[in-house]
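Novice: Residue-level listing of the chains:
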Amino acid sequence: MSKRKTEVGKLSLSSPEKQQCIAKDVRQSEEALRQLSMLFPEEKFLGRVPRVVMKHMIYSRIPNRTLVDKEIDELNQTGVIRLFKLGSEEESLAVLFMEQYEELIERKCTDLALAKKFIIKILKQIKEISVEKAVLISAGFTETDIKTIINNCLLTVRTSTTYWFAFPGAGEFMKVYAKGRQNVIRLVKKSKYQQILQNELGQRDMRKTVQLGVQYHIHDIIGADLVICVNTTSGNMLRFSN
Amino acid sequence: MTVKKMNDVNAICNLKTGLIDARKFRSNQATKRVSTLCLSNFQEVENSHSAGINTIDLDKVEGRYLLSGGADGSIHIHDVLNLTGNVQYTCKSVCKIDRQSNRHCHKYSVECVQWYPLDTGMFLSSGMDKILKMWDANAQIPADVVIINGKIYHHHMSPNATQHNLVAVASTANQVFLADLRSGSTTHELRSHSSSVLTVKWSPMQEFQLASGSMDNRLLMWDVRASRSCLFSMDQDNGRNHANVEKTTAHNGYVHGLSFTSDGLFLISVGTDSRMRLWNSETGRNEMINYGKILMESKKGTRFDISSDTEPQMVFVPSQGNILVYELTTGTKRAALLGHYNTVTCCAYNENLHTLYSGSNDRNILVWAPEAAEKIREDPVNREVGFGSRSLMPRRTLMEDAWSSDEG
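As you go down the protein sequences, you meet chains A and B in turn.
Okay, so the first sequence: first residue is 0 according to numbering that gives the first Met the number 0, each after it adds one.
Okay, so the second sequence: first residue is 0 according to numbering that gives the first Met the number 0, each after it adds one.
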């Protein structure tokens, strides 16, 4: 009975090789995130939208999804990144680096003192994607404070007593992201046999229709399982999966 | 630990000299065989179903008899053990309970069948006619009949219970019924769900622990001895996502498939939100293993299985027309077994032979065997001797068809 109790708890991996694997992936996930955020064309939005990476884009770089999830969770807890829920699906989580997020808040917020208070009291303490009204009130925010914060796009109403965390420019990003993804998928669907080589897709010029860049969306559709990656002799083939 | 690619002869020598532990040898070989699972070229199950197969079960005692229930209310038993000596083998149908031959047959579809855990003399079946029947397998007559207050989706009898004879029944009623086999009563009810219960499973280690999943998106753990309600409800966010909702949900859709691992430590649940989750059965914590999307059409439920002797353990889960094989603890997809023409509804893993049996709506039961290990014998052994004398027709090989000839 006692032996079984010790096995209960977090799934722990015992051998040293496995622990090394985790340590490597820890740095790998963060590195993949930084590389993907470099793909984001920040100049196009003139500072209105920060460098957003969707969480499922990392799955296209690192195949072991459970490890990526665990690592993202760890980065979230330590405060390196922050997760936001964008869209109605379970999978649509956006990742933002904390230093960028804080800099954006300080740049965009009308009431600087309130913004600083928000960062210190709420963002540093609560690492989840939503927050309850009671928690905000107990941290010392009044109703008018909350209204100002919502006006500055840092919180969005979820139910009468809970709020989602948000970032300024989220709306514009979502529009451009949804449109770009639709256009890229349409391209794959229209191709012969509903498949296209990844290199060929990358070379197509879609600056007018896909504002975020085709490379960004390639990672997006692979990670979201909208296409299947098949390894061929001339590179990666992306096949539409229905 | 990695499975070293060992030559079979080397492995046996190492086992004999004690360089490798016997259990590790067994699990290495099992893993090697399970990794090469593919549609068997030599074994098949005789076609006897005339409607889609809803459920199958392999007996725990010998792993010899395969019980299957169909959508027309019929129940078939096949013998999967190959005693003929030939590599090519058709699993014969041992008995058939259907509307033409047996007046005790279910009136509507059979949703769940299960062998009695201790021997193959008895089995239980339940279906959409709201009846749970306990059959005598030899006489093919129900020994007892229990009428439930709702269409039955699933039932389960505890595999290791010694102190109770309870069968948990999941039905369209909001409560989980516990039918006592000794008295035939169903007065013990577990009330906590707010919608139909789709699946129930007893823990293979603790005889009083029961898990149930239902259409209200919740997965509850019960101790049937407790007088109040459930022990805990499993929460997919582990309490992190405080959203002030009254109920914690295990899935964003119905929970329609459940399975404990054989050591009873973990529980796997499958839901209509296309996700599979691994839970710690003591604490109810979501282990956050990402298996990716597992597309399922059916809202009713699937029976999936876990191989417990391989290292790492594998989950075989039916998804539309395929069976997907995942590693239990890491969530990586190992294989997708294609072979059925229609939706796969159930699968059962045979530990002795490392084969997988799967039933689907196309009325077939397919056998998936570790085929890379088997080789075709030049001339089959025991062609005329022994069991060959039973059949008057000449033994046909599986590869033979009616229109090709030997000359040219």
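Hints may contain errors.
[Stated by the list, open to error] Short, incomplete list of chain B residues facing chain A, as computed with Cβ under 8 Å:
| no. | residue |
| --- | --- |
| 1 | N9 |
| 2 | I11 |
| 3 | L14 |
| 4 | T16 |
| 5 | G283 |
| 6 | K292 |
| 7 | T331 |
| 8 | A401 |
[What the hints assert, rightly or not] When the alpha-carbon atoms are kept at most 30 Å apart in a straight line, the in silico DSS-like pairs for lysine-lysine are as follows:
| no. | chain 1 | residue 1 | chain 2 | residue 2 |
| --- | --- | --- | --- | --- |
| 9 | A | K69 | A | K146 |
| 10 | A | K107 | A | K120 |
| 11 | A | K107 | A | K123 |
| 12 | A | K132 | A | K116 |
| 13 | B | K298 | A | K84 |
| 14 | B | K298 | B | K332 |
| 15 | B | K23 | A | K188 |
| 16 | A | K84 | A | K191 |
| 17 | B | K298 | A | K115 |
| 18 | A | K178 | A | K132 |
| 19 | B | K95 | B | K129 |
| 20 | B | K298 | A | K191 |
| 21 | B | K332 | A | K189 |
| 22 | A | K178 | A | K191 |
| 23 | A | K69 | B | K95 |
| 24 | B | K91 | A | K84 |
| 25 | B | K292 | A | K188 |
| 26 | A | K120 | A | K132 |
| 27 | B | K23 | A | K189 |
| 28 | A | K188 | B | K129 |
| 29 | A | K69 | B | K129 |
| 30 | B | K31 | A | K69 |
| 31 | A | K126 | B | K292 |
| 32 | B | K31 | A | K174 |
| 33 | A | K191 | B | K129 |
| 34 | A | K84 | B | K292 |
| 35 | A | K43 | A | K188 |
| 36 | A | K146 | A | K188 |
| 37 | A | K207 | A | K189 |
| 38 | B | K23 | A | K54 |
| 39 | A | K54 | B | K292 |
| 40 | A | K126 | A | K174 |
Hints are computed from structural coordinates only; laboratory data are not their basis.
Using N, Cα and C, we set each Cβ at its ideal position, and we do this for glycine too.
Novice: Now tell me if each hint is right for this structure.
Specialist: Outcome of the hint check:
1. N9: violated (22 Å)
2. I11: violated (25 Å)
3. L14: violated (21 Å)
4. T16: violated (23 Å)
5. G283: This hint is violated: B/G283 lies away from chain A, its Cβ roughly 11 Å from the closest one there, beyond 8 Å.
6. K292: Hint on B/K292: holds, closest Cβ of chain A at ~6 Å, below 8 Å.
7. T331: Result: holds, 6 Å to nearest chain A Cβ.
8. A401: violated (35 Å)
9. A/K69 / A/K146: Judged against 30 Å, a Cα distance of about 34 Å means the pair is violated.
10. A/K107 / A/K120: Distance ~19 Å between A/K107 and A/K120 Cα, so the pair holds.
11. A/K107 / A/K123: holds (19 Å)
12. A/K132 / A/K116: Cα-Cα ~16 Å, so holds.
13. B/K298 / A/K84: holds (27 Å)
14. B/K298 / B/K332: holds (23 Å)
15. B/K23 / A/K188: violated (48 Å)
16. A/K84 / A/K191: violated (35 Å)
17. B/K298 / A/K115: Since the Cα atoms of B/K298 and A/K115 sit roughly 49 Å apart, the hinted pair is violated (cutoff 30 Å).
18. A/K178 / A/K132: violated (34 Å)
19. B/K95 / B/K129: Satisfied, since the Cα-Cα distance of roughly 21 Å is no more than 30 Å.
20. B/K298 / A/K191: Answer violated: B/K298 to A/K191 is near 34 Å, above 30 Å.
21. B/K332 / A/K189: Holds, at about 29 Å.
22. A/K178 / A/K191: Holds. A/K178 to A/K191 sits at ~22 Å (cutoff 30 Å).
23. A/K69 / B/K95: violated (50 Å)
24. B/K91 / A/K84: violated (55 Å)
25. B/K292 / A/K188: holds (21 Å)
26. A/K120 / A/K132: Holds. A/K120 to A/K132 sits at ~14 Å (cutoff 30 Å).
27. B/K23 / A/K189: Violated, because 51 Å separates the two Cα atoms, which is more than 30 Å.
28. A/K188 / B/K129: Status violated; Cα separation ~47 Å.
29. A/K69 / B/K129: At roughly 44 Å apart (the allowed maximum being 30 Å), B/K129 and A/K69 break the hint.
30. B/K31 / A/K69: Distance ~29 Å between B/K31 and A/K69 Cα, so the pair holds.
31. A/K126 / B/K292: With Cα atoms ~26 Å apart, A/K126 and B/K292 stay inside 30 Å; holds.
32. B/K31 / A/K174: Violated, at roughly 49 Å.
33. A/K191 / B/K129: violated (51 Å)
34. A/K84 / B/K292: holds (19 Å)
35. A/K43 / A/K188: Roughly 28 Å between the alpha carbons, so the hint for A/K43 and A/K188 holds.
36. A/K146 / A/K188: violated (44 Å)
37. A/K207 / A/K189: holds (18 Å)
38. B/K23 / A/K54: Violated, at about 38 Å.
39. A/K54 / B/K292: holds (15 Å)
40. A/K126 / A/K174: Roughly 26 Å separates the two Cα atoms, so the pair holds.
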